[in-house]
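Asker: Please build the complete structure, drawing on both the sequences and the hints.
Chain by chain, the residues:
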Amino acid sequence: MQVKRIDFVLLLAVLLLVGMGLLALWSYLPPTNLKNENLAANHFMKQAAFLGVSMVALVLALLPNYLHARKLAYVPYALLLLTLMALPFLVKATNGARGWIPIGPLKFQPAEVMKIAVVLALGRWLSLARNLSTWKGLAAPLALAGIPAAIIFTQPDLGNAMLFFPVVMVMLYTAGARPKHLALVLVATLVIIPVAYRFGMKEYQRERLTSFLFADQTSYQQMQSIKASAAGGLAGRGFGEDGVQFYVPERHTDFIYSIVAEQYGFIGSTLLLLLLGVIFWRCAKIAARTTEPFGRLLVVGLATFLAMQVFINVGMNLGVAPITGLTLPFVSYGGSSLLTCFITAGLILNVAMRWVPTFSSRDLDKGHREIREFVPQAEKWLVH
Amino acid sequence: MMDRLRVTVIAAVFFLPLGGLEARLAWMQLINREAIVGRALTSRQHVTVAPAARGRILDRNGKVLAHDERSFDLWLVLDEFERDAATRAGVELIAKEGLQEELESIYERINCAMDLRPDRERPAIFRRERRTPYLLKRALNFEQAYAIETAPDRFPGCLIREGLRRSYPFGTAAAHVVGYIGRVNDVEYARLIEQDYFTKGFDEFISEGDIAILERRGAFKEKLLGRAGVEKSYDERLRGRDGLRILDRDPETGAKSWIELMPAVPGEDVELAIDIDVQRDVEAILADAQDECPHKIRAHAVVLDPVTGEIKAIASNVGYDPNDFIPPTKAEKLKAYFDDPWKPLFAHAWADHKQSGSVFKVLTAVAGLEEGAATTSTTTDCNGHYDARNTGRFNCWTVASHAAPHGEQNVTGALSHSCNIFFFTAGEKMGLEPMWRWGDRFGYGRKTGIDLPGEVPGVFPSPDKNPRWTRTDSLNLAIGQGSLTVTPLQIAKTMAAIANGGTLVTPHVARDFRMPAERVPLAPATLDAIRKGLADCTHVRGGTAYDSGMSKFGGVGKTGSAQRGSDPRLREHPQCWFSGYFPLENPKYVIVVLCEEAKGGGGHVAAPLAGKIAERLCR
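Protein chains in written order, with our numbering: chain U, 64 to 447; chain L, 9 to 627.
No wet-lab data here; the hints were simulated from the structure. Think of the CB as a built atom: it goes at the ideal place given N, C-alpha and C, for glycine as much as any other residue. Among these hints, one or two may not hold up.
Said to hold, decoys possible - DSS-like cross-link-like pairs, simulated, lysine-lysine; straight-line CA separation at most 30 Å: (1) K170/U with K109/U; (2) K208/L with K109/U; (3) K304/L with K560/L; (4) K145/L with K229/L; (5) K208/L with K170/U.
As the list claims (entries may be wrong) - Just a sample of chain L residues kept apart from chain U, beta carbon distances all over 12 Å, derived: (6) R14; (7) R32; (8) E137; (9) P141; (10) R162; (11) R235; (12) A272; (13) A292; (14) T316; (15) T383; (16) T511; (17) R539; (18) D555; (19) F561; (20) R577.
Answerer: Here's what the structure looks like:
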């Protein structure tokens, strides 16, 4: 392994995003508890500690060749599926929602890690499947993603559950399924949703959806977030006039983007979106050049999870998406979320690092930069 | 079939929403900023608690025993109040006592709020808090509120706000059952805050930090908790759940508006089995209770439905007015309650245990007949003395009262005449173990499980609790004397089982209380013999309760006069019991009466009271 082959642009973008998150946690006007301790400072220190753990996880996800992960792809999937199914019996519902497992002082959220496990399992299945252009071939991958999504939906964690659908669609598309088939699946799903709304949803989930669909019912939380974000203006309010910040419930987790928007204005929040854009761009590049199917599918799947979460979270901060309880990757406060994002980043960097160029003579004629870089190395290997 | 083109397509599709979000951001922050933020920039918002109304307590006919009524509270704005001394005189007319203390506590709260902020903000906070209304006095009467409302210039800085105040329309009636509520004390407060008792559900709407701010502002310091009776045992149902509101205040105009963040859920009503009219009449009957001297005595009564276990009335002739416990309380009134030697705050009917005496013989009879130690035809010859081992110490009650001995007795006669000798014989023959087993089965020494707080189990003696157990203890147990103590509820439970044919009900006051009743299979012969004995007691001349008046209503029963010790004064003032039911066929009511330390015995003191209660119930 060569350190040089790490995609430093991607890594730098990730670290800058985490930095912006910490900055937001530090600067948001702190509530204090009964003993007059600053809770925000507490959040900052905790998040810094989570960051340390997550860095270790990133390195661990980077070290072994990702192709080893293909061999064992179904193992974490099976284990987490069992955990998810056992969850109602293991722990009582906290806050009436979301499956948390308390481990000592920490809380572990199996649904978060399940996202990675599903991408691994789907990656293996799709890279080996030969009948993806038929209807029959689509059933297994859809079930592979649908079963955990259904369990997570009943937890109830609407936000995380609805991420699985775009991910499986994008991965199927990448793996070569017919666009016509995928379009039909999409239409079918759109028909099912109203039925699920009527029979499958909890009252508060319906409320969230309707509060989004009918703008005049926008919830207080979102209304405050919109006002706070808009108040940032071009350069942000800094610490605000006479230290008053907007009150947004649960601001350090789901609504952290509104802190950035309020404090650092259009400039800061655009920078944050740009950094996320850089991540997507690097992922697209890595996926495009990786011809090994498992690696490509892995990058595409993981990147889709990140992207969907970004769209929904920023969207709900700016009032164009319903409140779903999804975090902003790399930025939001929270150990489970940060850890998952760093493992994701580690796996993407892993694929990028193990890239072995395969090229045709036409590529050589065109003189791609990668080939120019790679040929001297290959010669060196040949010598030894 | 995986091609590069598809990856490119996906990437392109994903950059579209990112661009859309950027456009939205620009529109919000650069183009339309003023319109979105509007005046909100200059307004301050904070979260306050929206109190939930406590549920009502109703009697079985829907009469209201406790409810929250609207009250007028006096709030003070310091800045205006302290502008001139004349206002102070006006307020002193209304809230004279404790005014200075209240003002000091308001200043203390302002200081607390200031201490938490940086120095440079303090003057601004002080100015702001002096313009903020603080609660000065609860529950003004209508005239006072009217005076302040109509003459605002005489009372500057005074505001009248409507609040909720607990009220008990029937006052002292059924006070022990209804109970009262009281302000949370500091120890409880710390514990309940820890348990999120006051802030249940808040965390879904506001952050941990904001909950802490509410706590620090003292939003829950004035909360009232159930302290006794149904108010305590059904507190969870009655109290409902507080909600949250956001107060939007514009510092320039002073205009205020509310936003409902989390609606308060009012508490549920609790419907009792108590009939408040019967309860009041029973209390009136007990109020006249006297012994033969005559002295005023403490008396208690339980009226129970033997089939369902519902309590129709449970009364003592000592009690209190729960309205006296609602803040603002008057210290001297509470002190009077605490110092009263009659202990009116104590729910004697279930929170106190007394020596049972002969009412317990019903259980000895059940055990003896069921265990085969006696049959309905077994007889014992009572000559006044029980001389199984020639000790000469165990006598029938006839000896002390210089009456003729009972002579030949079977179980029916022994119950109606309350013959000790018969029960000594049966008890000794049966042995201690069955006695103990039957007593345990009928719930002696254990709580009955009534849905009221403070119930005591009483003492059911047994050799494993008392290592120095002697034959005297065994013989005493057979006639309900000695260290045995019981609550009127336990006696009522046993009598209900005789009346309904062997079902051990759980006495309860709430109508929707559900508890599986335990069934004890009693032989029909046993029941017949005991019921006949109880009937003879009230119907046949010579029965201990013959002149109680119970027989007019088909009432049957058993009397008891429990000695409290060997001292002559204690001997002369026993615990006087009557336990019975009526009518004879398909019994509808079990009545237990206990008169404490009354001269004259159960037949003369307690049984006539039961007769009067039966008369009232038949009306």
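Asker: Compare the structure with each hint and give your call.
Answerer: The hints, checked one at a time:
1. K170/U with K109/U: 13 Å, holds
2. K208/L with K109/U: Distance of about 26 Å is within 30 Å: holds.
3. K304/L with K560/L: Satisfied, since the Cα-Cα distance of roughly 27 Å is no more than 30 Å.
4. K145/L with K229/L: The hint holds at about 15 Å.
5. K208/L with K170/U: 21 Å, holds
6. R14: For R14/L, whose nearest Cβ neighbour in chain U is about 6 Å away, the distance does not exceed 12 Å, so it is violated.
7. R32: R32/L not clear of chain U: closest Cβ-Cβ about 5 Å, inside 12 Å.
8. E137: 16 Å, holds
9. P141: 22 Å, holds
10. R162: Per Cβ check, R162/L is outside 12 Å of chain U; nearest 37 Å; holds.
11. R235: Nearest chain U Cβ is 26 Å from R235/L, so the label holds.
12. A272: 16 Å, holds
13. A292: 51 Å, holds
14. T316: At about 35 Å from chain U, T316/L clears the 12 Å cut-off, so the statement holds.
15. T383: Holds: least Cβ distance 57 Å, greater than 12 Å.
16. T511: 37 Å, holds
17. R539: Fine: 52 Å to the nearest Cβ keeps R539/L off the interface.
18. D555: With a cut-off of 12 Å, D555/L remains clear of chain U, as the shortest Cβ separation is near 63 Å.
19. F561: 54 Å, holds
20. R577: Since the minimum Cβ distance to chain U is about 58 Å, R577/L lies beyond 12 Å and the statement holds.
Of the numbered hints stated above, those contradicted by the structure are hints 6, 7, listed in ascending order.
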